[in-house]
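Peer 1: Assemble the complex: chain W is given as a structure, and chain V must be docked to it using the hints.
Number of protein chains: 2
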Amino acid sequence: MQTFHFESIGIVHSPYREKFGIPRQPGLVDAEATLELLPPYNRPEAVKGLEGFSHIWITFVFHGVKRSEWKPMVRPPRLGGNERVGVFASRATHRPNPIGLSVVELSGIDCSDKKVVLHLKGADMLDGTPVLDIKPYIPYADNVEAARSGFADKAPAPLLEVVFSAAAGQQCEELSLHYPQLPRLITDVLALDPRPAYQAEEGREYGVILYDFNIRFRVTVGCVEVLAIESVG
Amino acid sequence: MQTFHFESIGIVHSPYREKFGIPRQPGLVDAEATLELLPPYNRPEAVKGLEGFSHIWITFVFHGVKRSEWKPMVRPPRLGGNERVGVFASRATHRPNPIGLSVVELSGIDCSDKKVVLHLKGADMLDGTPVLDIKPYIPYADNVEAARSGFADKAPAPLLEVVFSAAAGQQCEELSLHYPQLPRLITDVLALDPRPAYQAEEGREYGVILYDFNIRFRVTVGCVEVLAIESVG
Chain W
312 MQTFHFESIG
322 IVHSPYREKF
332 GIPRQPGLVD
342 AEATLELLPP
352 YNRPEAVKGL
362 EGFSHIWITF
372 VFHGVKRSEW
382 KPMVRPPRLG
392 GNERVGVFAS
402 RATHRPNPIG
412 LSVVELSGID
422 CSDKKVVLHL
432 KGADMLDGTP
442 VLDIKPYIPY
452 ADNVEAARSG
462 FADKAPAPLL
472 EVVFSAAAGQ
482 QCEELSLHYP
492 QLPRLITDVL
502 ALDPRPAYQA
512 EEGREYGVIL
522 YDFNIRFRVT
532 VGCVEVLAIE
542 SVG
Chain V
312 MQTFHFESIG
322 IVHSPYREKF
332 GIPRQPGLVD
342 AEATLELLPP
352 YNRPEAVKGL
362 EGFSHIWITF
372 VFHGVKRSEW
382 KPMVRPPRLG
392 GNERVGVFAS
402 RATHRPNPIG
412 LSVVELSGID
422 CSDKKVVLHL
432 KGADMLDGTP
442 VLDIKPYIPY
452 ADNVEAARSG
462 FADKAPAPLL
472 EVVFSAAAGQ
482 QCEELSLHYP
492 QLPRLITDVL
502 ALDPRPAYQA
512 EEGREYGVIL
522 YDFNIRFRVT
532 VGCVEVLAIE
542 SVG
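Quick note, the sequences are listed as chains W and V, same order.
Everything in the first sequence is counted per the working numbering, starting at 312 for the first residue and increasing by one.
Everything in the second sequence is counted per the working numbering, starting at 312 for the first residue and increasing by one.
The following block holds chain W by itself, in its conformation from the complex (with noise of 0.2 Å):
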C-alpha cells in the first residue's frame, strides 16, 4: 500500500452551496460553472487545444465530505436509500479515497486578467470544489455503447412540474435581474426532486441552497411548489 500527496490545479465556483439538491450525476442540469486555474498552474498554455474538445472530465475532491473511517457498503439514492451495495459498486462520495470524477461541457475558456477560466455547464460539484485534474473527453476512448449498468439501468424517474408561488414568482423575477440563470435552475433542480428517497415527505417544508439563496420548497402529489426565496449571503 502506497501514499500519494496531490495538491489542487484549480478550483470550481458553482451555483451549489451545499450538498443537498446537487444533481445526483451531471449533466441533468445545464448549471453555469467556471473552473478557475490556481497558481502555479494558470498558464494559458496549460490549455491549449483544449477548446476543441465540448466536453472535459473533471477529477475532484468531494471537500464537502468529512474524511472517516470508510465502509465498504453505501445506500445510492437510486435504489430508494434503504438497499446497500459496495461502495466501488456506486459514484457515492463516501469512498475510501474521496474522489470524484465527472464529465462536463466545456463552454468557453477565458484567459485574461493572468486568470486561466474554463467556462462549464452542467456541472454537479459544490462550489469551491478543489480540481485535481482535466482531461479532455475523446468518445474513442470514453465511450463504451451498449454498456451494462446493473441498478442503474433503470430510468431515472420522471421529473416533477415545478410550480412558483405569487410570492416566490415575483422574488424570482427581481432576482433574475442580476441572477439570469436563477429561475431555469430552480426549475431544473426541484424537477429532479432532491428529497432523500426514504425520507420523502408530502408537504413537508424543505430549502435548497443555489448562490445566495435558499429556495424554500415542498411536494405535493407531484408537484414542487416554491414557496418562497430567502437571501442568506
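By construction, these hints were calculated from the structure, which means they are not laboratory data.
Predicted, not measured: the structure shown is a model, and the values here were computed from it.
C-beta atoms are modelled at their ideal positions from N, C-alpha and C, and glycine is treated no differently.
Hints are supplied without guarantee of correctness; some may be wrong.
Unchecked claim - Straight-line alpha carbon distances no greater than 25 Å define the calculated BS3-like cross-link-like pairs of lysine-lysine that follow:
1) K377/W x K359/V
2) K382/W x K426/V
3) K359/W x K382/V
4) K359/V x K382/W
5) K382/V x K426/W
Claimed, not checked - One-sided and incomplete, this derived list gives chain W residues near chain V with beta-carbon spacing under 10 Å:
6) M312
7) F315
8) I449
Peer 2: For chain V alone, coordinates are given in the frame of chain W:
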C-alpha cells in the same frame, strides 16, 4: 491551493511491464489484467453489486512517471509527436498530478482465498499500477453522444499487418501453452505500431516487453515482422 493524501486501494497486474507498447487508449487491445484490492480494502462487500456492470472506471497513479517539475505543454503521439498542446488538453502521463483514468471491461470478480480480484479486459495500465478508486461506468452519466474532440477526432491510424518469422512463430506456439493470450496480445499490440511517431524507422529493430518476454520486431513497408521472443523474466 490545498494538498491531499490518498492511499492506494488496489494494484493492477498486467502484461505490460514497461510503458513502450502500451496501447494509447484503453479498449484498443483486449489484454487481460487483474485489479487486486489491497488490505484493508479487500472486503467482498466493497464490490457487492459491481458484477452488474459491464465496465468500470479505474482512477490510478502513473507510477512509472518520475515526478519532476510540471510542464504546461506536451507532444501527443496522435499529432505525430512534434506538435505541442496544453497538458490539460491531453491524456499524457506527465501532468501536475500523475492521475490516470481508464474505462475497462469487467469480465469477472473473484473473492476466494481472502482476496478480492477484479478480472479486466482491455486495460492499458502498467503492471504494478496503484489504484486510487474504482467506479461503475454509468452510460447516462458517462456517455456523451456526439462529443467534439479536437485533434483526437481523426480516426486512429490503420492497423499494420503482423507476421511472425519461422523461429518466432515456433517460440510463440510453445509459450502459448502457459501463456494462452500471448499470440493474440503480440499481434494486437504490434498492429497498433507502438513506435514513437517521430522516431519510426523502417527496418530498425525494436523490442516490446509483454509478460516476461521481450518481443523483438521490425517494421517494413507497413508490415510488422516479429523476429524473436526472448525471456527477460
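Peer 1: So, for every hint listed, does it hold in this structure?
Peer 2: Hints, one by one, checked against the model:
Restraint check for K377/W and K359/V: satisfied, since their Cα atoms lie roughly 24 Å apart, inside the 25 Å limit. Of the pairs offered as hints, the one joining K382/W and K426/V holds, with about 18 Å between alpha carbons and a cut-off of 25 Å not exceeded. Distance hint between K359/W and K382/V is fulfilled; the C-alpha atoms sit about 13 Å from each other, no more than 25 Å. In summary, the hint linking K359/V to K382/W is supported, as the alpha carbons are separated by about 13 Å, within the 25 Å threshold.
Taking the CA atoms of K382/V and K426/W, the gap is about 18 Å. The hint holds against a cut of 25 Å. For M312/W, the suggested interface contact is upheld, since its CB lies about 5 Å from the closest CB of chain V, less than 10 Å. Given the 10 Å rule on beta carbons, the hint for F315/W holds: about 5 Å separates it from the nearest Cβ of chain V. Interface restraint check: I449/W against chain V, minimum CB-CB distance 5 Å, threshold 10 Å, status holds.
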